[in-house]
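> Residues per chain are reported as follows:
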Amino acid sequence: MSTETEVKNPSAAGVAAAEEILIDVRNLKKYFPIHKGLLSRVVGQVKAVDDVSLTIKKGETFGLVGESGCGKSTLGRVILRLQGATEGEVLFNGRDIHEMSGKDLRELREEMQIIFQDPFGSLNPRFLVKDIIGEPLRVHRNMSGKEIDERVVELMEMVGLDASRRNRYPHEFSGGQRQRIGIARAIALHPQFIVADEAVSALDVSVQSQVINLLMKLQKELGLTFLFIAHGLNVVRHISDRVGVMYLGKMVEVGETETLFAAPLHPYTAALLSAIPKPTPGRRQERIVLQGDVPSPANPPSGCRFHTRCPLAQAKCSQVEPLLEEIMPGRQAACHFPLVKGDS
Amino acid sequence: MSEMKVEVHAVTGNDPLLSVPTGLPPEPRDPSTEKLSKRPPGPWRMLWSKFSRNPYAMTGLVVLTFFVVMALLAPWIAKYDPSRIDMMFPNLKPGTDGHLLGTDELGRDIFTRLLYSARISLLIGFSVALTSVIIGSIVGAISGYFGGWIDTIFMRFVDVMNSVPTLFLNILVLAIFSSEIKYMIMILALTSWMSIARLVRGTFLQLREMQYVEAARAIGVSSWGIIFRHLLRNASFPIIVNATLMVGSAILSESALSWLGLGIQAPATSWGVMLSNAQEFMLVDKLQAVYPGLCILLVVLAVNFIGDGIRDALDPRQSMSKTRRRLKQWRKNYSKSGN
Amino acid sequence: MAEKLLEIRKLTVGFVTDKGLVKATDEISLSIGQGQTVCLVGESGSGKSVTSLAVMRLIDYAGGVIADGSIQYHGQDLTVKSQEEMRHIRGNRIAMIFQDPMSSLNPVFTVGEQIAESLRLHQDMSGDKAWNAAVDMLRMVGIPAPEIRAKQYPHELSGGMCQRVVIAIALACKPELLIADEPTTALDVTVQAQILDLLRKLQSELGMSILLITHDMGVAAEMADRVAVMYAGAIVEEGPVEEIFSHPSHPYTIGLLQSIPGFEGERGRELYTIQGTIPPIGQLPTGCRFNPRCPHAMDICREKEPFDFLVGEDHRAACWLFEDRPVALVDGRCGRDEVKRA
Amino acid sequence: ATPAPAENNKTNEQKTNTEAPPAADEPVDGGTITLSTFSDIVSLNPIFINDTSSGDVAQFLFAKLYDLNREGNVTAEPWSLAAEAPQVSEDGKTYTVRLKDSAKWSDGKPVTADDIIFTIDTVRNPDVGAPGISLMDKVDKIEKVDDKTVNITLKQVYAPFQYSLVTELVPAHVLKDVPVKELQANAYGTDPAKTVTSGPWKWTAWKAGESHTMDADPNYWGEVKPHIAQIFYKIYADQNTEVQALLKGDTDHISAIPVTQVEAVKANDQIDIIQKPGAQYEYLNFNFDPKNFPDNYGLFEGQKTRQAIAHALNRQGMVDNILKGVGALMNAPFLPDTWADPKEAAVNYDYNVETAKKLLAEDGWVAGKDGILEKDGHRFSFELQYNAGNSRREQVAAVIQQNLKDVGIEATPKGIDFAAWIDQNVTPGKYQALLLAWSLNTPDPDSESVFSSKYFPPTGQNSGWYKNEKLDQLWIDGYSTVDQNERKEIYKEVAKEISTDLPYVFLYQYGQAIGTGPRVHWAEEDRPEPSIGYGQYFHAIKWWVTDK
Amino acid sequence: MTEYLVRRLLQSVLVIFLITVATFLLIHAAPGGPTQVMLSPGLSPEAMAQQKANMGLDKPLPVQYAKWVGNLLQGDLGYTFKNHIPVGDLLWPRMMNTLILMGVAWFVSLVIAIPWGIYNSTREYGLSDQTSSFISYLGFAMPSFWFGILLQQWLSLGLDWFPLSDMHSRGKEGDIGDLFMHLVLPVSVLALGFLASYMKYARASMLEVLDQDYIRTARAKGVKERKVVFRHALRNALIPIITVIGLDLPILVAGAALTENVFNWPGMGRFYVENALAREYSVLMAITIVTAVIVIIGNLLADILYAVVDPRVKLGGKGGKAA
Ligand SMILES: Nc1ncnc2c1ncn2[C@@H]1O[C@H](COP(=O)(O)OP(=O)(O)OP(=O)(O)O)[C@@H](O)[C@H]1O
Ligand SMILES: Nc1ncnc2c1ncn2[C@@H]1O[C@H](COP(=O)(O)OP(=O)(O)OP(=O)(O)O)[C@@H](O)[C@H]1O
Ligand SMILES: [Mg+2]
Ligand SMILES: [Mg+2]
Ligand code: NI
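Chains as they are written, first to last, in my numbering: chain A, 2 to 345; chain B, 45 to 383; chain C, 666 to 1007; chain D, 113 to 660; chain E, 14 to 336.
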């Protein structure tokens, strides 16, 4: 029913079409059952990701923003098949990873990696740094201890860590350094694709910029493709080529970064952008302050999921669900009344 | 899952000792000035350094070591055969005739018997703790990691085990089956692994949500690899604390069962057996009942001190309390806001 | 310059460890005028929360100790008051909101009760009256259907609502000074916007002063009248908000501002970075505490701790680069005591 | 005979070893006496009584057909149901028993010949499962002569039968309609209200596991009425508690003070102690079934081997040290100082390590590497089983182990829980050697069921599979003779044979001390008599208590 | 909340069912199991078969089980093998006695432990705290039966302050003063054990709660320290304590076995030991089931109490402190 939203040809610009598509997500759904009652019957579902389609081109950084609980992490995980999809497919280099099994899946793990938000929780406190970084090599490569060690040194230098400290436990490293360890682990196998799930959100600004620089550097050097999940819009803007905005499990807007930030199409995107305090004093802009909280994904509002908070909502919004459609060249939004130029 | 139980018994969590950053060295470092740094003071060393500063724990360690050494060296220390009867010299007073603590009603040397009893009591204590740790860890780990119906089955089973008083179960089984030491160990272990299972399960439930588990999964580490290589290692400290305390309770259980006449059977001897014997002679010689009881008390105290020592060494709040104490001291000397 | 409501003078707060007193704040001076909003910004671990707890004298319960300095409030030194005396000030004239709204509320009491308690404590209100006032407070902080919400437990409310409740508790007795320790960090941007709006609105209604702690320069820019930048236990730069953002003087402030990717300008360029990380308390370098990370570090920076220099009107920075400028005076005295330093 | 487990068997005792009994001047009526034990009754239905506690309580509640006097002779006492001693016919097969006219049940009904017939018929009915069946299985028929008289005819001459008549009766009018198979489950014997009795006291209350209360029956038929108004029979958790209760004055009378505590109790001059060996003896039993040994090699086949073991054991030492002197060595299954005591006719094995070693060598045992004897490649090593929890037996086992070690035999004592042990080892005859005791129910010397090959396991009590044809016949001769002097000769013969062949090493007769608190009094002729069954309450009907 | 309770109830029923199966199997698998114990020894094979048939022991196990459970459901706990007395008649009075002993011990220790533990949490490492931790350690390490014996020797046989054993002196059933005197020693023994753990948990739980953010909030409001402790912290601290107490129930029901033996208290624990030694399986099965039911009901009560104290539970599993 939503074939139309399947954007096979994401950008009207022919150039983009010519580029190789690495990840092609089609109508992906991920529902978590809600157990209730005497026999733990499933009485409902948390629609964490609900019918999302997107494509990521080789070498590009796709930024994903949205409020807490809107399904960003879930989407990232399902794309990596760390969780099974409820429905839909994820094509990686043209192959559906949710159909893979056994050996293929193992090989897939070499191609796709993830970097996490929490610099404390993502490293096993009982492992030495060299074991953490060497773990993927141990699992996937038949390498001797010495070879692994050499590679670990190489990786640590690549991410700007002092390799002489590889014989230490993670608790001796600062947040930024730990994040680098996590990055070193992720790139150990030369993956093509990395999901960075809020990779810099927990870091202080001064360290955050170091890590952003590192990620950009690695992307250039290793030709990585990123799915960059963040709630810091400025960071997303800085690093991403294209940006997707999610709301309550739905993708509400996708577009080239510059244009999306300059003139958002979806009222939610606009609200999100205006809600961010800018480090420019005296410019207390009239912002669109959304009312209320994000509704529960367990029972999302009918029609457009945003209509309960949307300042521009009309009757139609509560009845008909808008589809993610190309509103302008290279830009899609799921809104009945997109903010086309000049009428914000 | 909806049990509302809060695992209070448990020392859970990824241990705070490791997640509290201590001295972060400034980042830029000249690699040339520093050779590959030595093996770091790992979690064990850190644990030890805190542990060794706890006087109670260290006393416990010394006492326990003393008993273990005495038990191990019993044949060399004791001058007598523990079951050697010398009917010429029953009920000697302590100190007479080279009998350090005197003799019992059959002229057996009490000190010697205490030493040999220590062997059995300690053997049972440690073996039971070890066995239940193994059983409990496996059940708890599988239950906590996989969750779902496996968890449900295991936990209902634990519920069943927990609903029948352990002592009753032990008595029942020992009364039905024979009470050889190996069975005794098995039975005690089979009735005491539940707390470890719950603990490990609780810890695993928490740990499996950690991002490093997901990272391991993303790398392609198998479930068993995650359970045994990654998680069990992180659950090890709370397990150790619990196991230590279990040594004590196993020794107590053994003595109780032996006292009831269901445990160790003569001519083998344990502290419980000695107590049970001595009770008959209470009217004749009260001291005979005092020695084995004291031994039990001391060993179990020692073991509990050690267990608590480890727990405290792992507990960041303990350092808080210490802080408070230091603070008091400091305030006394300097503070302007002293009150 | 507005009348000073609170004046922190050379406040040193520390923790007693095996190695003796470890200073979490080191002789910081800061003042807040009537009706003013002062923002304290800085990286994690720089001592912002410790400062705020010290003002409330809650630091005593956290295991910390006020080692030196004074906190003048209406001419009284809070650091020498007893806890009993402080009790009458806390929640009444100075109130505080904490970072994590969920855990800041007691799970076993209804939110109404928790607000009413404040009122009963300080305003001698009776049960019913306090309850009604509590409901009014909830209404004031913008919670819909306050009568119903008042009877609910914290876990039944969302994070944003909890934060509003926390604010309601703090404002229940119409305090003169509100200390807000990262009140929005745990919240989503859209909710953060609501809360900031709310704070601003309430401030103008109640005329209170706010000490707002944040690490988000954007929030500071939007909310503050004055901004103090904290680094590793010291205030390295302080001044009116426009000054700080238009003429940041301390290399650290500059670094902070530059390393944030903006909403304008080139994307994808290499960001400005400050090398290294903030040293943990107790492991400060000698001289200027920022010198190991400072691109302009000079010899003197490694040797001697800088004074506060006046870099603009009412704008001071502790950096040797401004040695030629006059030394900033706090309350007529030298901001940093050279003799003591040496 | 029944196996005497632990101290579980109350012994009977006999005379005070201290001076006089605590005889106060004149008996007084009334008052309560507290007696105690450490296990509760099973059932008070006399047909099913098989344990000491039930037997003890029954003493007060049921009148017996006949009673034993102090010398162990069957007599009709004033409190016995029978009016006179049984009359035995010429051929020795028929016994005539006549009841007292006055005898009445507690429900007022008279005790009649039907009760005797019903009781004996029930006991000998195999469907009932009465433990006393062996006492009555020689009975051929019972005839009712009149309402108060019966003739009991035996299948053969059986001298011990007179002791079978020392038995309680059950009321036929209460039980005759109960189907045989349901007798055991009937409330008679477990419900005080439904248990019709015939003795001086009535069973008024039973708090299971705690106590029994027995009140003097105001309608008691006997001429001699009880002095004591109430008997409180208390159950303690174990013997130690019981002894302590005696010392504290919580109980007035306990019938088994463990030897280990006697000295301590003696120290309390309030407590009167009666201590003398009772009707029980301890023995070391060899198993003759080779299947119980590795390679089916029976270690105890050689007579000389067994004799050597007898020499190796320091039996006198055991009596002196473990029994504290209260015990008598035995060489045959006949209690010392009874008419059947064979005295020198039995071979006495003195404690002599050298003789033992010599005998073993003669039997072909040579010392192996580790000092343990070997023969045909088999080590002389066996397991010595006994019941756990009995410290005296534990000590004896330890002594045996050590004594045997001195002559090169390795015995490994193993204590097993009593009930399990009887079920799994003793009854089926599956063990190598065991240490146990017999408690003799009657003063008759007949022990065929223990030593005859007719009584192999699992149905018989010859659990060691001992077979000696000469003895088998001698036992039959023994009970088929009525004349006591003739019998005496036969049992001398038995003693000689059995002490030479040694199916057991007879260790000693032993007994436990009876302790009595200061409140209890009796006339000299009524003092407890440990040597006969239930003698700890001998003539209790004539005791009295004072409150002092 | 109702749903939560119903769910817990069903869970409990399942657990009880499993316990009946396990108990039944364990006992019937035992060497020298009921068959042997029930039958009088020395019977002819035919008579034995007959008796077996009488007792229903010839039927297949599932049938026997069904019959047993059927009887249980009607409150019929079976009959003793030895003398065919209804087990219930024997059990209930003893259970009452145990409940009296344990109830008093438990109550006494709660009344002492919780306030003391709380007090200690506010005065860490003070004299009182040290004393209580000394007591705790003793309580955990002291073999209870040994302690009991020592007390008997010292306070009863030695000083003659208290009765040695039993529940009442002869003829003084129903005399509360007499009962009280008899309770003192066994209660001291039991209470020491309970005290040890409750005090420790009360203190630990309180310390944990006192570290929570909402306590800081309360202080920031200017709440009096006493009120912080008793109003804000206590209720939260009680939540885990309730659980501990719930988990302690098996001990509460059975834990007296040793003490009852020492003090000759006619309770269920001693009854169990006696019957285990005598292999009175029907009694053992009955006690096991009855204790299990008590324990489970107790746990259920603890859960209800928990729900009363902790409003988070009311959402029915979600949002509470999930384990
Ligand atoms: N394993 C799970 N079981 C049930 N519900 C889940 C699970 N994982 C996530 N959810 C729910 O799915 C929704 C989306 O969660 P997700 O973690 O993807 O959000 P997010 O956008 O990453 O949020 P955040 O910014 O907080 O990380 C949330 O409502 C969450 O509660
Ligand atoms: N109770 C305590 N005991 C010891 N050290 C403490 C304690 N509380 C805080 N500290 C230390 O004091 C320093 C300052 O902490 P503070 O909480 O004030 O930082 P912050 O600026 O509020 O950081 P954040 O932005 O993370 O909240 C930190 O290094 C911290 O580790
Ligand atoms: Mg997320
Ligand atoms: Mg802070
Ligand atoms: Ni749950």
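In short, the hints are calculated from the structure, not lab data. Any given hint could be a false lead.
[As the list claims (entries may be wrong)] Using 25 Å as the maximum straight-line C-alpha spacing, the simulated SDA-like pairs for lysine to any residue come out as follows: (1) C/LYS816 <-> E/LYS240; (2) A/LYS221 <-> C/GLY930; (3) D/LYS267 <-> D/LEU277; (4) A/LYS221 <-> C/THR951; (5) C/LYS866 <-> A/SER275; (6) C/LYS969 <-> C/VAL992; (7) B/LYS330 <-> D/LEU277; (8) B/LYS94 <-> C/LEU686; (9) D/LYS293 <-> E/ASP102; (10) C/LYS684 <-> B/VAL112; (11) D/LYS293 <-> E/PRO73.
> Please go over all the hints and tell whether each is borne out by the structure.
Hints, verified against the model:
no. : hint                  : verdict
1   : C/LYS816 <-> E/LYS240 : holds (21 Å)
2   : A/LYS221 <-> C/GLY930 : holds (21 Å)
3   : D/LYS267 <-> D/LEU277 : holds (16 Å)
4   : A/LYS221 <-> C/THR951 : violated (39 Å)
5   : C/LYS866 <-> A/SER275 : holds (18 Å)
6   : C/LYS969 <-> C/VAL992 : holds (15 Å)
7   : B/LYS330 <-> D/LEU277 : violated (48 Å)
8   : B/LYS94 <-> C/LEU686  : holds (20 Å)
9   : D/LYS293 <-> E/ASP102 : holds (23 Å)
10  : C/LYS684 <-> B/VAL112 : violated (37 Å)
11  : D/LYS293 <-> E/PRO73  : holds (22 Å)
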